[in-house]
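Heads up: the protein sequence lines correspond to chains V and H, in order. Quick note, the first sequence lines up with residues 1 to 119 if you use my numbering. Quick note, the second sequence lines up with residues 1001 to 1113 if you use my numbering.
Simulated from the structure, these hints should not be mistaken for laboratory data. Each hint can be trusted.
Here are the simulated EDC-like cross-link-like pairs (lysine to aspartate or glutamate), alpha carbons at most 20 Å apart as the crow flies:
hint : chain 1 : residue 1 : chain 2 : residue 2
1    : V       : K38       : H       : D1001
2    : H       : K1101     : V       : E59
3    : V       : K70       : V       : E56
4    : H       : K1101     : V       : E44
Distance windows between CB atoms, simulated:
hint : chain 1 : residue 1 : chain 2 : residue 2 : range
5    : H       : Q1017     : V       : R114      : 30 to 38 Å
6    : V       : T31       : H       : R1095     : 16 to 24 Å
7    : H       : E1082     : V       : T80       : 39 to 47 Å
Keep in mind the model is a prediction, meaning the values are calculated, not measured. Ideal Cβ placement from N, Cα and C applies to all residues, glycine included.
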Amino acid sequence: AQKVTQAQTEISVVEKEDVTLDCVYETRDTTYYLFWYKQPPSGELVFLIRRNSFDEQNEISGRYSWNFQKSTSSFNFTITASQVVDSAVYFCALSDPSDNNNAGNMLTFGGGTRLMVKP
Amino acid sequence: DSGVTQTPKHLITATGQRVTLRCSPRSGDLSVYWYQQSLDQGLQFLIQYYNGEERAKGNILERFSAQQFPDLHSELNLSSLELGDSALYFCASSRGGGSEKLFFGSGTQLSVL
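Model the full assembly from the supplied sequences, consistent with the hints where possible.
Here it is as structure tokens:
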């Protein structure tokens, strides 16, 4: 069975600090997809990134970067120079197509990390 | 704005009752998903429909049912409601049926009293 663990339930930083959110996953398959979503105080879930299991290149998008390490089953998310607007709950998620006979798209979410950025 | 519309935004009802949550996907999206978010269970996948057909099923209770109509909107029906069904119910959509990024609606907050 799939499992996603976000061990940090809550992180508090001061603005301009860098912060890394950890994500560790478990899956039996070799083909899978990893995601990060952001849930701001307004409540909706916002897509941040999708990565397939064959692409281990790290990705940078502005102040956001992601480190995918298959050897340790981790997909960590770093925010550089954090801002108050980054305050939200961040979810890591895993999609394993083989769980639904390669037909569906069932996301298994981690428990989320609440990030609080103080001015 | 994700383009996914959910109604109503809030719903307060009593135990034993039945409610219907509605979702309109983004224009052109064929898949609709339902997720439940609660404090004790976190975000749980309920069910996925693709172009009117059930595509994947998660931990959806027998008291819950869903369908996707020919115009691609979807409804989630919750019956014989219990206190533990109180949660935020999200609808999401995607263009296809595979492991694509999802666009989430703003959710329906259900309170069962």
